[in-house]
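Residue numbering for the sequence shown follows the working numbering, beginning at 88 and increasing consecutively.
Worth double-checking, as some hints may not be accurate.
Below, a list of computed lysine to aspartate or glutamate pairs in the EDC-like style, where the Cα atoms sit at most 20 Å apart [stated by the list, open to error]:
| hint | residue 1 | residue 2 |
| --- | --- | --- |
| 1 | Lys290 | Asp239 |
| 2 | Lys290 | Glu304 |
| 3 | Lys286 | Asp267 |
Cβ pair distances, simulated, as ranges [as the list claims (entries may be wrong)]:
| hint | residue 1 | residue 2 | range |
| --- | --- | --- | --- |
| 4 | Glu97 | Cys220 | 23 to 29 Å |
| 5 | Val196 | Pro293 | 33 to 39 Å |
| 6 | Lys114 | Leu199 | 33 to 39 Å |
| 7 | His301 | Ala200 | 38 to 44 Å |
| 8 | Pro292 | Ala99 | 35 to 41 Å |
| 9 | Ser317 | Gly175 | 17 to 23 Å |
| 10 | Asp267 | Ala200 | 31 to 37 Å |
| 11 | Ala209 | Ser126 | 14 to 20 Å |
| 12 | Lys228 | Arg103 | 30 to 36 Å |
| 13 | Ala200 | Ala295 | 40 to 46 Å |
| 14 | Glu304 | Gly138 | 16 to 22 Å |
| 15 | Ala185 | Ala298 | 30 to 36 Å |
These aren't lab readings, by the way, just hints derived from the structure by calculation. Backbone N, C-alpha and C fix where the C-beta goes; we use that ideal spot for every residue, glycine too.
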Amino acid sequence: MGLPVASEAELALTRRDGRLTLAGDVKRYGLPLAVEFASGRAAHRRRFGGGRGQLIARACGLGQGVTPAVVDATAGLGRDAFVLASLGARVLLIERVAAIVALLEDGLVRALADPETAEIAARMQLVAGDATCDLEALVAKAAFPPQVIHLDPMFPHRDKSALVKKEMRLFRTLAGDDQDAPRLLEAALDVASHRVVVKRPRKAPPIAGPAPRHVIEGKTSRYDLYVHRSLTR
88 MGLPVASEAE
98 LALTRRDGRL
108 TLAGDVKRYG
118 LPLAVEFASG
128 RAAHRRRFGG
138 GRGQLIARAC
148 GLGQGVTPAV
158 VDATAGLGRD
168 AFVLASLGAR
178 VLLIERVAAI
188 VALLEDGLVR
198 ALADPETAEI
208 AARMQLVAGD
218 ATCDLEALVA
228 KAAFPPQVIH
238 LDPMFPHRDK
248 SALVKKEMRL
258 FRTLAGDDQD
268 APRLLEAALD
278 VASHRVVVKR
288 PRKAPPIAGP
298 APRHVIEGKT
308 SRYDLYVHRS
318 LTR
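Could you put together the complete structure from these sequences and hints?
Below, the structure is given as structure tokens:
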């Protein structure tokens, strides 16, 4: 599974210590990147993240005592999808960058093999594709009910840590900025049966298009909610 031509000289998929990693110049991109669900940041958040009181859980409806099926149409490294799956939701992950799809596949295989995460990973289904153009077809092919569609388009990250800056630089090398976010929102609104949830920086404007019906704010980010109908128990 190859990288985009523009990045082939800068980044490479390699296997290290039993994990598939995406690596480039350490000074520019930081340490090799891998998808890890069984340890590290994901494990800490699973144990101490706040359960259904977390911002993303509330935005996706899990804080209301329901457990909807969620389409994560901008899966990235699968961190948000894993949080939702750890709270009991079935999640369809859609990712358009081939190298990131390869990392996700590797991370899910290892999570399924780990007794602590196997049940969670079993609720996560990955498909490769561009949700901006093919969301309806991808959801239909996966036979997945799109009750809630979660979007996290690329935006300038305000975290000052070098680690986050380098990780975001790596993502931009692969995927570029999400200039097509309005089209993605339009597609999500057409496909979602109950609601679309969009993660944004707290002070950023909403994505161009219809105004969100509700907003859930945190310290650094917020969720814009576009609601078709209520989720029920």
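Verification of the supplied hints:
1. With a CA separation close to 15 Å, the supplied pair Lys290 and Asp239 stays within the 20 Å bound.
2. Between Lys290 and Glu304 the CA atoms are separated by roughly 10 Å; this keeps the pair inside 20 Å, and the hint holds.
3. Taking the CA atoms of Lys286 and Asp267, the gap is near 15 Å; set against the 20 Å cutoff, the hint holds.
4. Hint check: Glu97 to Cys220, Cβ distance near 26 Å, so the stated range 23 to 29 Å holds.
5. The hint said 33 to 39 Å for the Cβ distance between Val196 and Pro293, and at roughly 37 Å that hint holds.
6. In this structure the hint that Lys114 and Leu199 lie 33 to 39 Å apart at CB holds, the actual value being about 35 Å.
7. Checked against the hint of 38 to 44 Å, the C-beta distance between His301 and Ala200 comes to roughly 39 Å, which is consistent with it.
8. Take Pro292 and Ala99: their Cβ atoms lie about 37 Å apart, and the range 35 to 41 Å holds.
9. A beta carbon spacing of about 19 Å between Ser317 and Gly175 agrees with the range 17 to 23 Å that was offered as a hint.
10. In this structure, Asp267 and Ala200 meet the distance hint of 31 to 37 Å, their C-beta atoms being roughly 36 Å apart.
11. In this structure, Ala209 and Ser126 meet the distance hint of 14 to 20 Å, their C-beta atoms being roughly 18 Å apart.
12. Taken as a hint, the range 30 to 36 Å holds for the pair Lys228 and Arg103, whose Cβ atoms sit roughly 33 Å apart.
13. About 43 Å separates the C-beta atoms of Ala200 and Ala295, a value consistent with the hinted range of 40 to 46 Å.
14. For Glu304 paired with Gly138, a C-beta distance near 19 Å keeps the hint of 16 to 22 Å intact.
15. Take Ala185 and Ala298: their Cβ atoms lie about 35 Å apart, and the range 30 to 36 Å holds.
The structure is consistent with each of the numbered hints, conforming to all of them.
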